[in-house]
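Number of protein chains: 6
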Amino acid sequence: MRIHLINPNTSRAMTDKIAVTAREVAGLDVSVVAICPAPGAGPAAVESHTDEAWAALVVAQQVAASEAAGAPDAAPADGYVVACFGDPGLDAARELTNGPVVGIAEAAMHVAALSGRTFAVVTTLSRTLGRAHDLVRRYGFEDACVAMYAADVPVLELEDAGSAARETIARLCERAVRDDGADTVVLGCAGMTDLCADLTKRTGVPVIDGVAAAVGLVSGMVRMSVGTSKRDEYAPPPRLPAAGPQD
Amino acid sequence: MRIHLINPNTSRAMTDKIAVTAREVAGLDVSVVAICPAPGAGPAAVESHTDEAWAALVVAQQVAASEAAGAPDAAPADGYVVACFGDPGLDAARELTNGPVVGIAEAAMHVAALSGRTFAVVTTLSRTLGRAHDLVRRYGFEDACVAMYAADVPVLELEDAGSAARETIARLCERAVRDDGADTVVLGCAGMTDLCADLTKRTGVPVIDGVAAAVGLVSGMVRMSVGTSKRDEYAPPPRLPAAGPQD
Amino acid sequence: MRIHLINPNTSRAMTDKIAVTAREVAGLDVSVVAICPAPGAGPAAVESHTDEAWAALVVAQQVAASEAAGAPDAAPADGYVVACFGDPGLDAARELTNGPVVGIAEAAMHVAALSGRTFAVVTTLSRTLGRAHDLVRRYGFEDACVAMYAADVPVLELEDAGSAARETIARLCERAVRDDGADTVVLGCAGMTDLCADLTKRTGVPVIDGVAAAVGLVSGMVRMSVGTSKRDEYAPPPRLPAAGPQD
Amino acid sequence: MRIHLINPNTSRAMTDKIAVTAREVAGLDVSVVAICPAPGAGPAAVESHTDEAWAALVVAQQVAASEAAGAPDAAPADGYVVACFGDPGLDAARELTNGPVVGIAEAAMHVAALSGRTFAVVTTLSRTLGRAHDLVRRYGFEDACVAMYAADVPVLELEDAGSAARETIARLCERAVRDDGADTVVLGCAGMTDLCADLTKRTGVPVIDGVAAAVGLVSGMVRMSVGTSKRDEYAPPPRLPAAGPQD
Amino acid sequence: MRIHLINPNTSRAMTDKIAVTAREVAGLDVSVVAICPAPGAGPAAVESHTDEAWAALVVAQQVAASEAAGAPDAAPADGYVVACFGDPGLDAARELTNGPVVGIAEAAMHVAALSGRTFAVVTTLSRTLGRAHDLVRRYGFEDACVAMYAADVPVLELEDAGSAARETIARLCERAVRDDGADTVVLGCAGMTDLCADLTKRTGVPVIDGVAAAVGLVSGMVRMSVGTSKRDEYAPPPRLPAAGPQD
Amino acid sequence: MRIHLINPNTSRAMTDKIAVTAREVAGLDVSVVAICPAPGAGPAAVESHTDEAWAALVVAQQVAASEAAGAPDAAPADGYVVACFGDPGLDAARELTNGPVVGIAEAAMHVAALSGRTFAVVTTLSRTLGRAHDLVRRYGFEDACVAMYAADVPVLELEDAGSAARETIARLCERAVRDDGADTVVLGCAGMTDLCADLTKRTGVPVIDGVAAAVGLVSGMVRMSVGTSKRDEYAPPPRLPAAGPQD
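Residue numbers (the UniProt record's numbering), protein chains in the order written: chain A, 1 to 247; chain B, 1 to 247; chain C, 1 to 247; chain D, 1 to 247; chain E, 1 to 247; chain F, 1 to 247.
Calculated directly from the structure, the hints in this document are not laboratory data. Errors might be hidden in some of the hints.
Identical chains blur together in the list; that is why a pair holds if it fits in one copy or across any two.
Below 20 Å or equal to it, Euclidean Cα-Cα: the simulated EDC-like pairs (lysine to aspartate or glutamate) are [what the hints assert, rightly or not]:
id : residue 1 : residue 2
1  : Lys-201   : Glu-167
2  : Lys-230   : Asp-180
3  : Lys-201   : Asp-180
4  : Lys-230   : Glu-174
5  : Lys-230   : Glu-167
6  : Lys-230   : Glu-67
7  : Lys-230   : Asp-160
8  : Lys-230   : Asp-134
9  : Lys-201   : Asp-152
10 : Lys-201   : Glu-24
11 : Lys-230   : Asp-179
12 : Lys-201   : Glu-67
13 : Lys-230   : Asp-198
14 : Lys-201   : Asp-232
15 : Lys-230   : Asp-152
16 : Lys-201   : Asp-179
17 : Lys-201   : Glu-174
18 : Lys-201   : Glu-142
Quick caveat, the model's predicted, so the values are computed rather than measured.
Same shape as in the complex, but just chain A (with noise of 0.2 Å):
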């Protein structure tokens, strides 16, 4: 099977490393293809609600081109992963593809509710916490959600290895399981996805990867012949989306 793993902020290091992780996790009869806008095709990094209003586009631009792509000799995908965390663009995929399509925020979320009773969100950048805190809301996991903490740093410092950034958000995990009393953390950016081992064995509590969290349900759901409901709302939509910002 196929999945189509869609970054959709234009940095190939990040996205390379994501599709690392998704490799790792996926069966042996998954091909993980990641995809990233080119550069000046999609924001930098996705740091604010502008960023992410280009980023949702830029997911659906995607899905539209690998479904209209797949038509008369390539496969199309058998399901998508939404590789950023605030899940850009995911209703609007949802509405292009007949497969499933999961976002890593959701899918780590999900992930985490099966691992323990409650989890803390350890992010990026605090004014990203209002988006996390709609999602959490969204998907119904206001009651499990006991912390969400910023690390303050931009998304593009996590491929700095010698920045402080790995130290500041180790310890901020450390805090939610031992102040908030966190079961698990779930890590809000894909740029994450390397920290996730070592994370689990410092705090000795399971630390959770959106990017992994959600190959592995999208692949499940594949293996179950589960797609996304083409009942009413997620039916293909009426126009396609617009060629954008990058043709």
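Starting from the structure of chain A, add chains B, C, D, E and F where the hints point.
Positioned in the frame of chain A, the structure of chains B, C, D, E and F alone reads:
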């Protein structure tokens, strides 16, 4: 004071109709500037999550453009109205200005909540009810909103006076009052703005148009010097919105 | 248009101060009539549920009196503001008039919800926080209201410019912004109306006075011809309010 | 022990009927004193928010009077029942005594929640359902309360054994059980107290009268020495209630 | 009337202590029968979900046995109390009898809700707080319950008068009142029943023991002839509980 | 990897049917071991709270037995599925293993939430809807679950291919989609596992079987190394489950 009214779809006719309503309820000291994207620079109508993704970006672009234009000699807007019932791009718009920004869905719901205990939403397409439901929750009106109906007429058909759309909408309003005990009815599309007075007469309860409500709220906020809080989430974003598909 | 502003306590000084704020934010076409009960005909201040029970009856009596007086030659009020933060008698007032009626607590909260994602309430006495909590739930703002603080100063001490009350209130506003992440602060007493501008400057976020907010909302509703829905709950009551203690 | 049962309307006949029920369920060691305001000193019936505003003040006045009278030689009440389904003045009453105070709406709902998972409320006038809805939320029974019906009969007509009111009420109880899956039915008016046994037989499920429930709860609380917490909100108020309209 | 009080753990000492409290608050006409499983026929204490699974079965077995024994000559119980704070087996018990069944957690919370606006729970082990949290939600007290603390003392250590457990519990009660604004405190273990009076004195607010509360509620329900609704969910089950591990 | 699938009822036929489904959706690297109690060592079916109390203990016993058996030479299970729609014993099972444990009700609901906005539950007996309702709340899906229907057929009748049960279930699924706007349907009984494909075809929306969903989720969690958080609530319990009725 100057209010910029942004319709994110490309229908100039609908934009002009909205502006008429807006000017009728604005006080004498309020000047309304009605804006919509050029053909091809935004969705023709907002009838899906896919359309909405583009509309959100359009709203952000228009606010950014207004703010930029305001700089040297033209007066910037004192406040903004997002004139599309899904309130697309509202959070992004709030990042991009110090002034108040109000969406017509939130405006109509807030006014409804002051006019009675309960309200119903009557909108165009059933596939948009999911988004309306999200907004009801986001704004805190789960308890107040007792029904949501879709007339299942396309947005642009409302422009056609000879269509059956208006009668369908009127019957849904009556049903909401009679069967669901709605104290008021919120019209779920900017394009219904001219139906408001007739429906109020026919149903015997206040039928609330979001455009009028939003103009009233934004101008009131300007008068009391309350803009958008720039504390954290809505502080200026690290990057302005992409120039967008229209360029 | 004529707005009747009803302060249910007997402090003429506070009533006059409130009227000043109200007139400042009202448009040029709005005339504000500020009313309070005669000494002995209402509570001296509203600082308990017991006071509030009387205040509710006073509000109903004043609205009924205004409506009755309006009949033959005097113009009745176009709308009413209940100028006491517990919004006492609001439901009764809505039964007694066709026009819009807005309480200052609900007004401030609605405006706060348009200015940012979160707000805090800073009020006078901790014993009134229970009532404030009830209102937050009734109006749908559980999610938006992130903190409630009481300065534990009596209502009437706010009138004394030399008291420490103002500094205490300012510090609580700062704390709500800094520690609780409040995007805005709602002032929980009509008597704080004159502190608003200073506190906005000091905290750097919009500090919202319910009197200004309510005048803005009621006058906006009058302009858009939205009064109180008379469908069932707020239809004229079978009996007018008792003449009341003042007679 | 002595329980004061306060009916805030002026119907002596209804008060006497309520007292009969109260005495039937009270233990042998409980003495019930049934109180109502003199004609003109309270509303004739509580059928609107306007009536309720007066009723709340009447309840506060009666508790204050009981407490004052208790001082030198007469034994003060050990607990109070507010015998009107809107629970008017309940918060004020709690400020005015150390003993327990229970409203008949809350009592009936608490008992219903112990008897089954779900309940319905069957009351007199539809215009009072808004208040009942507020109480359901305030007391935490949104999930348990599956239906609310109004017979649309005036409160005092229940006194007329020949009226059709009783049959209407019975049918609504049956409907709630059959169509809404109500495990029990809560009667939404003190004046329905004598219908309870018959309706239980007819519907086959417990039909709960708030008067009996409140007497049971208050007397139980007296036995276990649990009164009203005087911590802050319900500490003695700064001012006693106005002598009131009746004086 | 006869109330069966079921302690699902095998501690005869704790069962006897509970019975003392129960008899103190029961009216003169109430006879309390305190039951616990024989050693080996139930958990030694209920300190985990694993213990609770067994406790639930024990409760069902004991109710079924009481009901069966009641048949020919012995009087069956008029009502049941489940005397373990997790309310294990409560739903099953309700299926197995026509009489009322009340758990001590729900009883304490219902009484707390009548005594003040807010309460805290102080219990034994932090690992049981998840279950307590579930009960708070199930019973509708999310809004009322402002804090939950665990003393982290094993259940059976409460029996040891010389242990530090009592002081730890007292300090948590004080903290809940002072820092969390709890109007009352609910004791989260049947084994704390004898601490109630001292803690009430020390904290200055009602400290509520579920055993006393449950006896009060069940006997009140018997007096007003309200048992368990047998409509559907709680109708007699298709199979009686297994004879159980003790046989 | 090895998944233990625990059916707590004693039907070997149903257990075998469930195992077939489980193996179909499991990846090639997943071995499924299907377990059920011996006759007399568990309930014949789970159709009441009374049955469920026993089922919970059976689940705990089976997990404990698996874990114990795993010790010296046999590989312990990598994860567990509780294959009964009430998710009995789920919390206890999580205490007893480090691996992930997923119930089929929660699994189906989580997958439904990824496939559409809304879902309905179609189950066997109406008396079990209360439990299903509790689970919906516990898992956070109150907003997503738009309808719950019971076919009122006994669990074991589903085994009879000639019964009318299947048609009844199909019609309820169609009704949920048509009248309640369910995007997907969750089957509320492990015994319906073989109806899934046909119902998906008939209704045109994803019909979700909890067994398949749970196997997908547990195996995904094993692949991403996320087990049960052992922080506090789910740490190993002080006592293992009683040997139980089967011994």
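Structure-based check of each hint:
1. For a Cα distance limit of 20 Å, the shortest separation of Lys-201 from Glu-167 inside one copy, 14 Å, qualifies, whereas the shortest one across copies, 36 Å, does not.
2. In this homomeric assembly, Lys-230 and Asp-180 come within 20 Å of each other (Cα to Cα) only across copies, at 15 Å, whereas the closest approach inside a single copy is 40 Å.
3. Only within a single protomer do Lys-201 and Asp-180 lie at most 20 Å apart by alpha-carbon distance; the minimum there is 19 Å, versus 31 Å between protomers.
4. Taking the shortest alpha-carbon separations for Lys-230 and Glu-174, only the inter-copy value of 15 Å comes in at or below 20 Å, while the best intra-copy value is 42 Å.
5. In this assembly of identical chains, Lys-230 and Glu-167 lie within 20 Å of each other by CA distance neither inside one copy nor across copies; the values are 44 Å within and 24 Å between.
6. Proximity of Lys-230 and Glu-67 under a CA criterion of 20 Å is satisfied intra-copy only: 15 Å inside one chain copy versus 40 Å between copies.
7. Taking the shortest alpha-carbon separations for Lys-230 and Asp-160, neither the intra-copy value of 42 Å nor the inter-copy value of 30 Å comes in at or below 20 Å.
8. For the identical chains of this complex, Lys-230 and Asp-134 are inter-copy neighbours only, at 19 Å across copies versus 24 Å inside a copy, given an alpha-carbon limit of 20 Å.
9. Proximity of Lys-201 to Asp-152 under the C-alpha cut-off of 20 Å is found in neither arrangement, the shortest distances being 23 Å within a copy and 26 Å between copies.
10. In this assembly of identical chains, Lys-201 and Glu-24 lie within 20 Å of each other by CA distance solely inside one copy; the values are 18 Å within and 34 Å between copies.
11. Only between protomers do Lys-230 and Asp-179 lie at most 20 Å apart by alpha-carbon distance; the minimum there is 16 Å, versus 43 Å within a single protomer.
12. For the homomeric pair Lys-201 and Glu-67, neither the shortest alpha-carbon distance inside one copy (40 Å) nor that between copies (23 Å) is at most 20 Å.
13. In the homo-oligomer, the alpha carbons of Lys-230 and Asp-198 lie at most 20 Å apart only across protomers (17 Å), although the nearest pairing inside one protomer, at 40 Å, exceeds that limit.
14. Proximity of Lys-201 and Asp-232 under a CA criterion of 20 Å is satisfied inter-copy only: 17 Å between copies versus 44 Å inside one chain copy.
15. In this assembly of identical chains, Lys-230 and Asp-152 lie within 20 Å of each other by CA distance solely across copies; the values are 17 Å between and 39 Å within a copy.
16. Proximity of Lys-201 and Asp-179 under a CA criterion of 20 Å is satisfied intra-copy only: 18 Å inside one chain copy versus 31 Å between copies.
17. Proximity of Lys-201 to Glu-174 under the C-alpha cut-off of 20 Å is restricted to the intra-copy arrangement: shortest distance 11 Å within a copy versus 37 Å between copies.
18. In this homomeric assembly, Lys-201 and Glu-142 never come within 20 Å of each other (Cα to Cα): the closest approach is 27 Å inside a single copy and 34 Å across copies.
Of the numbered hints listed earlier, those contradicted by the structure are 5, 7, 9, 12 and 18.
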